[in-house]
Amino acid sequence: AQSVTQLDSHVSVSEGTPVLLRCNYSSSYSPSLFWYVQHPNKGLQLLLKYTSAATLVKGINGFEAEFKKSETSFHLTKPSAHMSDAAEYFCVVSDPGNFNKFYFGSGTKLNVKP
Amino acid sequence: DAGVIQSPRHEVTEMGQEVTLRCKPISGHDYLFWYRQTMMRGLELLIYFNNNVPIDDSGMPEDRFSAKMPNASFSTLKIQPSEPRDSAVYFCASSTGEKEAFFGQGTRLTVV
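Line order of the protein sequences matches chains U and P.
According to the working numbering, the stretch in the first sequence is residues 1 to 114, in order.
According to the working numbering, the stretch in the second sequence is residues 1 to 112, in order.
Don't take every hint at face value.
Below, computed lysine-lysine pairings styled on DSS-like, alpha-carbon distance capped at 27 Å [said to hold, decoys possible]: (1) U:Lys109 - U:Lys42; (2) U:Lys58 - P:Lys99; (3) U:Lys69 - U:Lys58; (4) U:Lys113 - U:Lys58; (5) U:Lys49 - U:Lys69; (6) U:Lys69 - U:Lys101; (7) P:Lys99 - U:Lys69; (8) U:Lys42 - U:Lys58; (9) P:Lys78 - P:Lys24; (10) P:Lys78 - U:Lys42; (11) U:Lys101 - P:Lys78; (12) U:Lys58 - U:Lys68; (13) U:Lys58 - U:Lys109; (14) U:Lys101 - P:Lys24; (15) P:Lys99 - U:Lys109; (16) U:Lys113 - U:Lys42; (17) U:Lys101 - U:Lys58; (18) U:Lys42 - U:Lys101; (19) U:Lys109 - U:Lys68; (20) U:Lys101 - U:Lys68; (21) P:Lys24 - P:Lys99; (22) P:Lys99 - U:Lys101; (23) P:Lys99 - P:Lys68; (24) U:Lys42 - P:Lys99; (25) U:Lys42 - P:Lys68; (26) U:Lys68 - U:Lys49; (27) U:Lys49 - P:Lys24; (28) U:Lys101 - P:Lys68; (29) U:Lys49 - U:Lys109; (30) P:Lys24 - U:Lys42; (31) P:Lys68 - P:Lys78; (32) P:Lys24 - P:Lys68; (33) P:Lys99 - U:Lys49; (34) U:Lys69 - U:Lys109; (35) P:Lys99 - U:Lys68; (36) U:Lys101 - U:Lys49.
A few chain U positions that, by computed beta-carbon distances, are all more than 10 Å from chain P [said to hold, decoys possible]: (37) Leu7; (38) Asp8; (39) Glu15; (40) Gly16.
Because the hints were derived from the structure by calculation, they are not lab data.
Backbone N, C-alpha and C define an ideal beta-carbon position, used for all residues, glycine too.
So here's chain P without its partners, still in its complex pose (with noise of 0.2 Å):
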């Protein structure tokens, strides 16, 4: 397997436009997790699902981030309008049952 894959790896948008991260899951895995990476306020779990269901959401921070997983092997994250704080590293994970959670190598968000 491919490990978790997760598009794009780099993002440049300006403020006030609509940002999409994707990701695609390991096969087999029921569980997917997004979580934000920012020197401020280190690894932080935005949103997770079982199933393609979303099952804790406390952790998105307002209303402008929503997520997505219409699928067992994709899920979208999507920031409309985006904000220079937004800028940060957003990782994408899978894991099965109780073991630990793979992570995708990351995509790197600047908002200017």
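Chain U with its partners taken away, still in its complex shape (with noise of 0.2 Å):
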């Protein structure tokens, strides 16, 4: 069965400095993964995503995120943290049998500090 595993519930950064948000999946297969945003009574919007093709995949905002196959993690990371970063991140692996059953980490929020 397909898991997703977000390290931290809560990560706390000072506007321009980096950003890092862990995930670590669970997966027999080689999964496509995602990571999505929620900013507060937001719906949510997908950041990047993560389908088998370059390891290293790059988002909006800044954003990137590194597909580690034998570390079975899909870190996001940012540079420099900006104030309207401050918001819910949520890591996917979707179900490589079922392309379209998506599984949610629990989130991390994300705070930032000015």
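Work from the hints to combine the two standalone chains into their complex.
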């Protein structure tokens, strides 16, 4: 079965410093992986996705993530945090046998301090 | 395209009443998903459709919940009778093939 573990429920960084949001997945096959962002009282927006092409994936708003099969990880990073990055971030894995069934992590709330 | 459209955005109802949530997926998308988000349980997949046919409803919590997709451009999620523990944000999402899902803005349901 597929599953996703987001290692930190809350992360706090200062504006201008790097962001690292950790995600580990469990999958029997090569999965498709996604990061979504949810701003307060908003829907979920796709940040980036990995679908077996380049292992380093660039997304919107300066975010990127690296697929590391040996570590079963898909951590989300950004070199310099902005106040507008404060939101909740979800790591998602899709079922390789059924690409349209998505498994969500529990979410990481990112706080950005001025 | 306007994206996935959900209505209403907010719903407050009394316990025991019927609640109907509505969703219009993105045109051309053949998969539609209903999710529920709560503080305690996070995001849960309730049910999803492919070409208007329910494929997996294993996430539907109980018989009080039902979902329909009468055509490619409309789906409903109904709760009858509603209970306070159903209070949550309900998201609809749509996708096509092996692509990412696009989410609506959600319906915040409060059952008092």
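Cross-check of the supplied hints:
{"no.": "1", "hint": "U:Lys109 - U:Lys42", "in the structure": "holds, 14 Å"}
{"no.": "2", "hint": "U:Lys58 - P:Lys99", "in the structure": "holds, 17 Å"}
{"no.": "3", "hint": "U:Lys69 - U:Lys58", "in the structure": "holds, 17 Å"}
{"no.": "4", "hint": "U:Lys113 - U:Lys58", "in the structure": "holds, 24 Å"}
{"no.": "5", "hint": "U:Lys49 - U:Lys69", "in the structure": "holds, 15 Å"}
{"no.": "6", "hint": "U:Lys69 - U:Lys101", "in the structure": "holds, 21 Å"}
{"no.": "7", "hint": "P:Lys99 - U:Lys69", "in the structure": "holds, 21 Å"}
{"no.": "8", "hint": "U:Lys42 - U:Lys58", "in the structure": "holds, 23 Å"}
{"no.": "9", "hint": "P:Lys78 - P:Lys24", "in the structure": "holds, 15 Å"}
{"no.": "10", "hint": "P:Lys78 - U:Lys42", "in the structure": "holds, 22 Å"}
{"no.": "11", "hint": "U:Lys101 - P:Lys78", "in the structure": "holds, 21 Å"}
{"no.": "12", "hint": "U:Lys58 - U:Lys68", "in the structure": "holds, 15 Å"}
{"no.": "13", "hint": "U:Lys58 - U:Lys109", "in the structure": "holds, 21 Å"}
{"no.": "14", "hint": "U:Lys101 - P:Lys24", "in the structure": "holds, 19 Å"}
{"no.": "15", "hint": "P:Lys99 - U:Lys109", "in the structure": "holds, 25 Å"}
{"no.": "16", "hint": "U:Lys113 - U:Lys42", "in the structure": "holds, 21 Å"}
{"no.": "17", "hint": "U:Lys101 - U:Lys58", "in the structure": "holds, 23 Å"}
{"no.": "18", "hint": "U:Lys42 - U:Lys101", "in the structure": "holds, 22 Å"}
{"no.": "19", "hint": "U:Lys109 - U:Lys68", "in the structure": "holds, 23 Å"}
{"no.": "20", "hint": "U:Lys101 - U:Lys68", "in the structure": "holds, 22 Å"}
{"no.": "21", "hint": "P:Lys24 - P:Lys99", "in the structure": "holds, 18 Å"}
{"no.": "22", "hint": "P:Lys99 - U:Lys101", "in the structure": "holds, 11 Å"}
{"no.": "23", "hint": "P:Lys99 - P:Lys68", "in the structure": "holds, 23 Å"}
{"no.": "24", "hint": "U:Lys42 - P:Lys99", "in the structure": "holds, 21 Å"}
{"no.": "25", "hint": "U:Lys42 - P:Lys68", "in the structure": "holds, 25 Å"}
{"no.": "26", "hint": "U:Lys68 - U:Lys49", "in the structure": "holds, 14 Å"}
{"no.": "27", "hint": "U:Lys49 - P:Lys24", "in the structure": "holds, 24 Å"}
{"no.": "28", "hint": "U:Lys101 - P:Lys68", "in the structure": "holds, 18 Å"}
{"no.": "29", "hint": "U:Lys49 - U:Lys109", "in the structure": "holds, 19 Å"}
{"no.": "30", "hint": "P:Lys24 - U:Lys42", "in the structure": "holds, 17 Å"}
{"no.": "31", "hint": "P:Lys68 - P:Lys78", "in the structure": "holds, 8 Å"}
{"no.": "32", "hint": "P:Lys24 - P:Lys68", "in the structure": "holds, 12 Å"}
{"no.": "33", "hint": "P:Lys99 - U:Lys49", "in the structure": "holds, 9 Å"}
{"no.": "34", "hint": "U:Lys69 - U:Lys109", "in the structure": "holds, 25 Å"}
{"no.": "35", "hint": "P:Lys99 - U:Lys68", "in the structure": "holds, 21 Å"}
{"no.": "36", "hint": "U:Lys101 - U:Lys49", "in the structure": "holds, 15 Å"}
{"no.": "37", "hint": "Leu7", "in the structure": "holds, 15 Å"}
{"no.": "38", "hint": "Asp8", "in the structure": "holds, 14 Å"}
{"no.": "39", "hint": "Glu15", "in the structure": "holds, 27 Å"}
{"no.": "40", "hint": "Gly16", "in the structure": "holds, 30 Å"}
The structure meets every hint from the earlier list without exception.
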